[in-house]
Amino acid sequence: MLKLLLWLKYLQRRKVVLLSMAAVALSVALLTVVASLFTGFIGAYEQSAVDLIGDVLLTSRVRFSGYQQLIARLEQTGVVEAAAPTTYAPGLLRLGTGNVRAVEVWGIEPERLAKVTSLKGSLLRQKDLPEAPSFGRIDPNGGLGGFVGIGVLAEPNQATDRYDVRAVKDMIGQRVVLISGAIEGMDSNAPAERRPKRRTVDFVISDVVSTGNFVFDQQSVFLPLEGLGARLDPGSSVITVDRIQIKIRPGVDVQKAAARILAEWQTFARQTLHWDPYLVAQAQVVTARQLQARYLEEIRKQLGMLLLIFGVVDCSAVVLVFCIFYMIVRLKQKDIAILKSCGYSSGQVAWVFLGFGAVVGLAGSALGTLVGVLFTRNINAIEDWLSLRLGLKLWDSSVYLFDRIPNQVDWVSVARITVLATIAACVGALAPAVLAARTRPVEILRYE
Amino acid sequence: MYKLILASRYLVKRRITYLAMGVVALSVFVVIVVMTVLQGLVAEFKQRTRAFVGDCVVGTDSLVGFPYYEEFLKVLEQSSSVEAASPLISTYGLVADVTDKERAAGLRIIGIDPVLHGRVTRLGQALHFHRDRIENAFEPARDPNLPGCIMGVDLVLNRDEHGQYDYHFAPTGTAYEMTCFPLTAKGAPLKAGAGEVSIKRFYFSDTAHTGLPREDDGVVYLPFEQLQQLCGMAGPIPRTTAIYVKFRPGVTPEEGTHQVARSWQDFGRGCAGRPQADLLQSVSVKDWKTYRRATIGPMEKEELAMVAMFILVAVTAVFIVFVVFYMIVGHKSKDIGILKSVGASNAGIIGLFSGFAALVGCLGGGVGLLGGWLFLLKINRLEGWLFEHYDFQLWDRTLFAIGDIPNQIQTKVVVIVAVCAVGVSLLGALVPILQAARTRPIETLQVSQL
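Sequences listed follow chains A and B, in order. The numbering of the first sequence is this note's numbering, which starts it at 31 and goes up by one. The numbering of the second sequence is this note's numbering, which starts it at -4 and goes up by one.
Here chain B stands alone, though its shape is the one from the complex (with noise of 0.2 Å):
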């Protein structure tokens, strides 16, 4: 009992306490507020990225794409452990406004089958046009007959600094014309010195928004079919680039790409010695966060070397406590001497002290967590002021496919950062602790001490 009234004490009589505690309550505020965005970022752009590419991806880098997908979809079909699986093909070409032929762009087109990859994916949600009506993505406004295609948003319209979109200057009516370069199954241009490409005009029927810069800036979807056409994938040994798949609830990505992994190597042994099965040799199986390791491993390390430099940060707040709990430890010298003279032990005084840190650390934690709670409540609010008083936005919105600032403090963040804060007040303490237990209390209880 001794220890907690004495601690409470201490806390409210020695001021330079609070200084500890407001350091550590500072330390707590900047990390969680710090934090909470960071991962939100990252947490969000994990997200995107798998609602773009579903739990596994079966592909290769190559444009010419491999055989026999369709055999393959029915192996998957029939695994326990695939909900659904959607052929894709991934590819470049020209795409030109026939307004205006002389500005093509080469851009990456990628061929679905909306019902398919509505399936697997949440592209049916990413569409503004149809949203969550995906099987009727491909038919333009203009004339639901008529080859449709879906544009990259960021194509078509331009983000005001809010980050949003004005669907009314979508270009609903417009029709693009897509030049693809058809290949064989060896990579060579089909129809060689003829001159001829592949070209087909498609009525824009939608956008899509999917989050992620890359896809909406520089992505057209077109029907299945009829980009396989475009690209010489047709004929009598169709091939496709990729398939996605979606596993059931209950299985993890990892199981569930082991799984169909193991599938893809067996079916690539059944068609050893079928024609053009050298190009199965080229499919890779990978879940979603392998497949786009490139850009979701850069966003973790920067999360890792942020936490690196908070470490750092936090050796400050250490050596702050440390010199508090010296001075108190220092002027309770003839406390801990009575203390220990009617009988307190040295792991009682090690109790009394190590518990005051722990006070500390969870005073200034928890001012710090309340402090970031509040912050980041307003957060977007406060960037909503300062943008329109003084021009500043944490982001340029026109700039970043980013909306809101994330400020969903996420419970792990809080538990670590919580333990972090006493983890550093009883380290910081911890000298000055074991300097107060081994106090003498014939020495600070001498005459000539007193």
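So here's chain A without its partners, still in its complex pose (with noise of 0.2 Å):
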């Protein structure tokens, strides 16, 4: 009781100890926000990949046909819930007169995808209506319909970093040129025969994906894989495919599913397909996360020594709660006598003062991670404001990918740093209460 009732005149009466508190605040503050801004960069980024692509994707080196078999025998294994069949080719989309962009061009089943994606979700028009997503009959002549990126038909506002919405979704039920290349003659052992040709590809803008993903936005179109296919190979009537995008069941571990769906290709492209074992080998199953796992890597490297960096330059709370203390010691050795003098043991004197410590480094920690857990959370709305009022645009979707800066907290670095914040401010009392813990009652009250 009497160590709580010193602790509160000394936070009452020695308002410096307060300095010590908004160091401790202000350390664990600029951590928990750079922690959880990372953490969740992170987070946002292995998301994406997953939203984009499923949580498992098979590519093979060359295309192949009988994928709904792949894919009946896939759902069977009891670890995929959907799969969907996509195929991939670069191309030039004419949006109008001398306004031709560079895309890339992804043939797939929509209703399919959305199962494995969060395609629908994504589409300007289509996300709210109860049903799958489809490329419609938007185009009165039959013609295809087709899905482009927001970013392939307009750039987002300089200032703002956002696209005008409305602008965009007047441009549904535009007809554009897609002029892409196909390789006639593959069939033919002889290379020389094999020619790429121009294939043009008439379509109807049927819908707008918007991903948040700034690249992604700015060079994906959607076509049907089967009028892809019709147009890109017009001599072919099999539907080709180079890759599946699969979703695996809840509670299912990725990278064993990821393991069962490689052993079902293989025996699917030796049975079905009658690959030579090379080409087999040569197709990949990888989850989304270890798609982007190198990449990711290096960003918790930057993580670890940007926390290092402040985590050493933070030390000096340390070296400001080592001074403020000693200098109430000196100022307190009074009372320090005095309470050795009624009984307290030299130990009992020290906890008074470590305990204070631990009081100012809990205090000052829950009142960083409150400053640190609100600028997080309003990060978009501070960095709103910095741009419209001091036109400080820090946050760009074209260079940090996505349109939103990701503003969950990271409450397990939140709780490290705290743990931490507190033992720092103990190790800083540390030496004052020693200091304390050894006065001699003797030498402070005598009459001189």
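Among the hints, a few may not be true.
Claimed, not checked - Covered stretches of chain B, going by a simulated chain A footprint (3 or more residues, C-beta under 8 Å):
no.: 1; stretch: 19 to 28
no.: 2; stretch: 52 to 62
no.: 3; stretch: 167 to 178
no.: 4; stretch: 310 to 319
These are calculated hints, taken from the structure and not from any lab test. Even for Gly, the Cβ is constructed at its ideal location relative to N, Cα and C.
From the two separate chains plus the hints, produce the assembled complex.
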């Protein structure tokens, strides 16, 4: 009880203690924000891959037919919830006179892909419709419908980093032309007979894709798998694909599921496609997280470095606590001597100051956590404000991929930082506490 | 004189001062190291960007391009501020190794006149086999008479863990089939419906290592005229997509760009009514920094954000200096009383403690700078040792186009950091100094206080 009274009295009387609390709070807030933003970015990056690709991606070096059989086999394994076939081709998209953009063209089955990825939620027109997404029948002439990335159609406003969604929606129904290439004579054994041919695909924009992933939105065009195949390879009646995007059942380990999918693929490729082992081995089965792993590892490394740098600098908070407690101990020597003369042991005296250090650390950490959490949660509003008032646009989707700053608080890091800050405050208070414990009442309280 | 003596004495006798100095030194050390590395990276990136684009770009984002560029090149040649100008075509196409056509990749294809381009940019230094012989850049080693292509280095070679390429593995002799989609001046496919593309085979002649990841990993260079043919820009009214410009020494990019922009406006007005003149409207004139703002801007902002964070960190250093000086002034109240009683003025006391604070800042800053300099001097060796023994690299060189960690300390940074160190000390000491100046000798020297 006496300790509590003394702590309260010191807090009340020695306002300088508030400085140490502020320093601890500042350090905790800074580290909380840095850790949360980086962890949030890493999480958003990983989630973005899952949203766009699914949990697992099977890619083959060579296009293959019979993918329906493969999907049926995969769905029978019990680990796959849904799978969608896709195919990829680079191309040029002509939006209007003189307006030609380089794009990545994806042949998809929208209904299936929507079960694997977050495609439906990213379609501006169809996201709120109850039925599954489709390329629709917007074109009265019965031509192809296609989805186009929002960034292909427009540039975000430089000041706000936002797209003019209304203007983009007005482009739905517009007819555009895709120019792509296909290799003719792939069946031929003589490579010289294989020649690229230009293919033009007219289609109507039936919806606009806005995933929030800048790069993806800026270069993606989706067309019906069947329609694209027929136009790129008009001589063939068989639809071929080069990738299968897969969603794993909830609760199933994705790594184990990927191994199972690989085994199924190998069996399928050997038995159904009659591929040689070399070609079979050319296919890859990777999880969405594995695709990002190397880059994210580097981001984690940068986070570690930043936390180390700020952690080292924040050691000065320990020095501050030491200075302030040293000052208090020097000023309160008479109090200490009286406590000792009343029967307090050296350990108990030391504990008064160590405990006080812990209180300062805890209070500072709590305040710092509060500030850090509030800052992190509201970082988009703060950034918007800075952008509007000072013209300082710190976050740009073209650089950081996402249109919003990930603002999830990393509570694990917050807990670690809080514990470390409290320990640091105790370390700062340790030497003054020892000094207080060694005080000899006879020297302090003598008459002279 | 007494100020100097007392300040030195306090510094030596009051060991708590070392803590303030230590914190200032630590802060300065961290700031100088981090800012040097960060600024070095930004400066290096800017340097590489400028080496790639020259000083100014007259260009359009449309793949259709714009006409009458040859006439404008003549206008530029006559300009007193322009040293050289080079037309450039930037388009996209399919690039495939002829032995593996199915694995065609969609890449950016740039068409250049090597001699002109070498005068404007430093592409010559980015080449490996024709370094500083850019005029022969498109001559394949296999046969100089064959059409050659320069591949972005990361397209054909892998970086090792030290960020180096083994050019022994360069695909000399390899042929690539370039497939372009020729467009009319209206952006429509040329010969639409014929199912034809422009295809031509080029032979590997060199690699381009610009140090810019996007360019090294996604650009193929072809001779200007040949790409012009491939993408339908040749013909009676030839087109290009950009003109890169280099200014004469002494002309700043801003001044030069302003002049080129004026010339372009006049030129555009003069072309009004001519065929395809509407394509000139989409052309903009930008200095190199504005042209590459999308990549340079964020790096500069990150620098700014880091500075803001270090300002927050400096607050703690201010607190520490405050506490230390508060204690010293408290302990030395009698000294102050005596000084005042023998005639020292308030300004004298302020001078004494301000000098003391400045000394703390100078020494702390000096130690921090020295430590930072030594650390930066050894930083690459230290990283090498860490990589050798613990497999740790600050940046994975196989992933990032970063060479050595930048360790050239900028004089500007040193001056700013040193001034800030002294400023932080003075700011922290301000309140205790004023308190010292207000001390009344009669209160500190009365018998009861003694």
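Results of checking the hints against the structure:
A count of 3 residues in the stretch 19 to 28 of chain B with a Cβ less than 8 Å from any Cβ of chain A is obtained; the coverage claim is therefore met, three being the minimum. A count of 3 residues in the stretch 52 to 62 of chain B with a Cβ less than 8 Å from any Cβ of chain A is obtained; the coverage claim is therefore met, three being the minimum. Residues of the stretch 167 to 178 of chain B with a Cβ under 8 Å from some Cβ of chain A number 4, which satisfies the need for three, so the listed coverage holds. Check on the stretch 310 to 319 of chain B: 8 of its residues sit with their Cβ under 8 Å from a Cβ of chain A, so the three-residue criterion for coverage holds.
Checked against the numbered hints given earlier, the structure satisfies every one of them.
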